[in-house]
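Protein chains: 2
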Amino acid sequence: MVRRSIPDIVVGRLPVYLRALSFLLAEGRQITSSQELGDRLGISSAQIRKDLSHFGEFGKQGTGYDIAFLYDQLRQILKVDRMWDVVLVGAGNLGKAIADYGGFAGKGFMITAIFDNDPDKIGKPMGINNLIVRDVSELANAIRSSEIKIGIIATPARDAAAVAKAMAEAGVKAILNYAPITITVPAGVRVQYIDPVVGLQRMTYYL
Amino acid sequence: MVRRSIPDIVVGRLPVYLRALSFLLAEGRQITSSQELGDRLGISSAQIRKDLSHFGEFGKQGTGYDIAFLYDQLRQILKVDRMWDVVLVGAGNLGKAIADYGGFAGKGFMITAIFDNDPDKIGKPMGINNLIVRDVSELANAIRSSEIKIGIIATPARDAAAVAKAMAEAGVKAILNYAPITITVPAGVRVQYIDPVVGLQRMTYYL
Chain V
136 MVRRSIPDIV VGRLPVYLRA LSFLLAEGRQ ITSSQELGDR LGISSAQIRK DLSHFGEFGK
196 QGTGYDIAFL YDQLRQILKV DRMWDVVLVG AGNLGKAIAD YGGFAGKGFM ITAIFDNDPD
256 KIGKPMGINN LIVRDVSELA NAIRSSEIKI GIIATPARDA AAVAKAMAEA GVKAILNYAP
316 ITITVPAGVR VQYIDPVVGL QRMTYYL
Chain U
136 MVRRSIPDIV VGRLPVYLRA LSFLLAEGRQ ITSSQELGDR LGISSAQIRK DLSHFGEFGK
196 QGTGYDIAFL YDQLRQILKV DRMWDVVLVG AGNLGKAIAD YGGFAGKGFM ITAIFDNDPD
256 KIGKPMGINN LIVRDVSELA NAIRSSEIKI GIIATPARDA AAVAKAMAEA GVKAILNYAP
316 ITITVPAGVR VQYIDPVVGL QRMTYYL
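Residue numbers (this note's numbering), protein chains in the order written: chain V, 136 to 342; chain U, 136 to 342.
By construction, these hints were calculated from the structure, which means they are not laboratory data.
Among the clues, some could well be false.
One-sided excerpt, in silico: chain U residues whose CB lies under 10 Å from chain V [stated by the list, open to error]:
1. A305
2. A314
3. T317
4. Q336
All residues carry an ideal CB built from backbone N, CA and C; glycine is no exception.
Just chain V, with the same shape it has in the complex (with noise of 0.2 Å):
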């Protein structure tokens, strides 16, 4: 498989249709198109066509995507068909809703260990795995120990910045980032930002 020279933004695509084709396998569905996927996401059908023709032939011409086996080969190549061990620094509303959500489950991530810095959250347990909180002093001896590349910060944004600089110097390479601060991080750790306003403002051009 080419994985040379991929442009960042079909990779970013890449779960967007992941997403839209667990949900059709959850309605029973089995053959989609480049048609239905873009209208389910308002993307161009010739676009989704485009993205997936980096990675190889997954349907063909008039018959369609066949939905798992499409489903499986996205899995793959965005490597969530094993399982990330993911560090979540935050045990506050934000922290415990994460450590709480359902929809990490057979998407590729467990969340295994949680810290704070607040002695009345740590020692106690957190979320459907029932998690010890941790002293946040322990993070990059964790992270290392248990050499997890992945890093959730859901701490409030004055805190946000030494927690991402402790996460990528003990290793970690990806950052899902809560606070609403940017962060800066060294070459090679990328940071994605879950950020509700960009999402409202998807919205309010059409209202």
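Following the hints, complete the assembly by docking chain U onto the known chain V.
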């Protein structure tokens, strides 16, 4: 300004540009380029120029974009140069985190009503605006009487479909859904999903 037939996917990128511009403004910068924006966002500079060209001329060849001007223009285009009232349903951990979220300020949105179906939550103040959580049975009337167009769903997955239906019937046209489930809405209503899995899967490809 020509607003016909702008592709959804172009509109969808504008909030991302807007956020990048707000970060640049916060850094005290005055001028940027499609190249710099592209490098920050993982989008080609040609794509950014093409996207912006749908809406007018925002920069001169060779001199780059005036950040504050482009920021203001995009806010107008996205209609977030005003304040939108937002209704939030779900006053659990996630709802609390959203009600406490500091990132809405100045971005065009203010949560003005919060609803839940839990008697233990109803009647108690929540969030940075100290709103009293109201009974979800009052949701439709509240939306109608305030002509609220935007809703956020932060309920468990099992309740999301009913809440979306109630919102849409009462006049909401834009729904931001945090529940890990697809929701179906009537034509003319838009849904955006906040899904940490999509953010994480955008990065695992590179691990």
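Hint check results:
1. A305: Nearest chain V Cβ about 15 Å off; hint violated.
2. A314: holds, 9 Å
3. T317: Nearest chain V Cβ about 5 Å off; hint holds.
4. Q336: Nearest chain V Cβ about 4 Å off; hint holds.
Checked against the numbered hints listed earlier, the structure breaks hint 1 alone; every other hint is satisfied.
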